[in-house]
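All chains should be modelled from the sequences, with the hints used to inform the complete structure.
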Amino acid sequence: DAGITQSPRYKITETGRQVTLMCHQTWSHSYMFWYRQDLGHGLRLIYYSAAADITDKGEVPDGYVVSRSKTENFPLTLESATRSQTSVYFCASSDSRIKATQYFGPGTRLTVL
Amino acid sequence: GENVEQHPSTLSVQEGDSAVIKCTYSDSASNYFPWYKQELGKRPQLIIDIRSNVGEKKDQRIAVTLNKTAKHFSLHITETQPEDSAVYFCAATDSWGKLQFGAGTQVVVTP
Chain B
33 DAGITQSPRY
43 KITETGRQVT
53 LMCHQTWSHS
63 YMFWYRQDLG
73 HGLRLIYYSA
83 AADITDKGEV
93 PDGYVVSRSK
103 TENFPLTLES
113 ATRSQTSVYF
123 CASSDSRIKA
133 TQYFGPGTRL
143 TVL
Chain C
791 GENVEQHPST
801 LSVQEGDSAV
811 IKCTYSDSAS
821 NYFPWYKQEL
831 GKRPQLIIDI
841 RSNVGEKKDQ
851 RIAVTLNKTA
861 KHFSLHITET
871 QPEDSAVYFC
881 AATDSWGKLQ
891 FGAGTQVVVT
901 P
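Those protein sequences? They're chains B and C, same order as listed.
Note that the numbering used here has the first sequence beginning at 33, numbered continuously upward.
Note that the numbering used here has the second sequence beginning at 791, numbered continuously upward.
Hint data in this document are derived by calculation from the structure and do not stem from the laboratory.
Because the structure is a prediction, the values reported are computed rather than measured.
Treat the hints with care, as some may be off.
To be verified - Below, in silico cross-link-like pairs of lysine-lysine (DSS-like), each with a Cα-Cα straight-line distance of 25 Å or less:
no., chain 1, residue 1, chain 2, residue 2
1, C, Lys812, C, Lys832
2, B, Lys89, C, Lys888
3, C, Lys858, C, Lys847
4, C, Lys858, C, Lys832
5, B, Lys102, C, Lys888
6, C, Lys888, C, Lys827
7, C, Lys832, C, Lys888
8, C, Lys848, C, Lys812
9, C, Lys847, B, Lys43
Here it is, written out as structure tokens:
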């Protein structure tokens with residue numbers, strides 16, 4: 033589990049500000065994922081990436097931007113934060129696309145005022 | 791796309807009793823079904839998974855069953871202990887291999 037980290041762990045920001053959440057993994061996993069977790073909704077996929085420079089939208093991508101210039105990093109940016117983006121954000125990685133365990137980071141609790 | 795429904799949303803059991811959580815999925819191409827446990831304030835962690843060519847898998851007090859014909863799978867926890875109290879999520883892969891999660895079950899084990 034220590035192989036995947038997220039920063040910051042807690043963030044408070046204001047509506048309209050840009051925020052970037054960082055995710056770093058040391059396993060050289062090809063696949064990385066961003067989820068948001070809200071009460072009653074479980075884990076919903078925001079964006080995912082199959083390799084460096086390959087990203088795609090998940091279930092709830094609106095208002096978010098991702099990039100993946102290096103295999104180990106997968107930052108998530110909220111270009112103009114809204115209150116509805118208050119959530120806990122989890123990054124995850126796996127070494128295979130099919131039938132592969134996803135390992136989660138510790139999460140970032142984001143509050144948008 | 792894949793849709794996973796999970797029941798019940800909350801489950802209260804006496805210590806020592808069994809707990810069962812059920813999930814259904816919609817995509818017949820789904821072939822991997824993991825279960826995650828999330829303790830309060832912590833990250834989800836895999837506790838057991840089952841692949842489509844297996845009907846049942848057991849790991850100590852935890853077991854998972856899969857019925858591909860009916861498109862449902864279940865988590866069984868026997869001899870529950872206070873440390874089993876957590877939120878449990880089921881998931882199923884879509885045709886690409888992405889996981890679709892259920893909404894979660896809050897399990898409370900009372901002494």
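Tested hints:
Our distance criterion of 25 Å between C-alpha atoms is met by Lys812/C and Lys832/C, whose separation comes to about 23 Å. At most 25 Å may separate the alpha-carbon atoms for a hinted pair to count; Lys89/B and Lys888/C meet this at roughly 11 Å. Between Lys858/C and Lys847/C the CA atoms are separated by roughly 14 Å; this keeps the pair inside 25 Å, and the hint holds. Between Lys858/C and Lys832/C the CA atoms are separated by roughly 31 Å; this puts the pair beyond 25 Å, and the hint is violated.
Restraint check: the Cα-Cα separation between Lys102/B and Lys888/C comes to about 21 Å, which is no more than 25 Å; the hinted pair holds. Taken as a hint, the Lys888/C and Lys827/C pair is honoured in the structure, with Cα atoms around 18 Å apart against an allowance of 25 Å. The straight-line distance between the Cα atoms of Lys832/C and Lys888/C is roughly 22 Å, inside the 25 Å bound, and the hint therefore holds. With a C-alpha separation of about 16 Å, the suggested pair Lys848/C and Lys812/C falls inside the 25 Å cut-off, and the hint holds.
As the CA atoms of Lys847/C and Lys43/B are separated by approximately 40 Å, the hinted pair breaks the 25 Å bound.
Violation of the numbered hints given earlier is confined to hints 4, 9; the remaining hints are satisfied by the structure.
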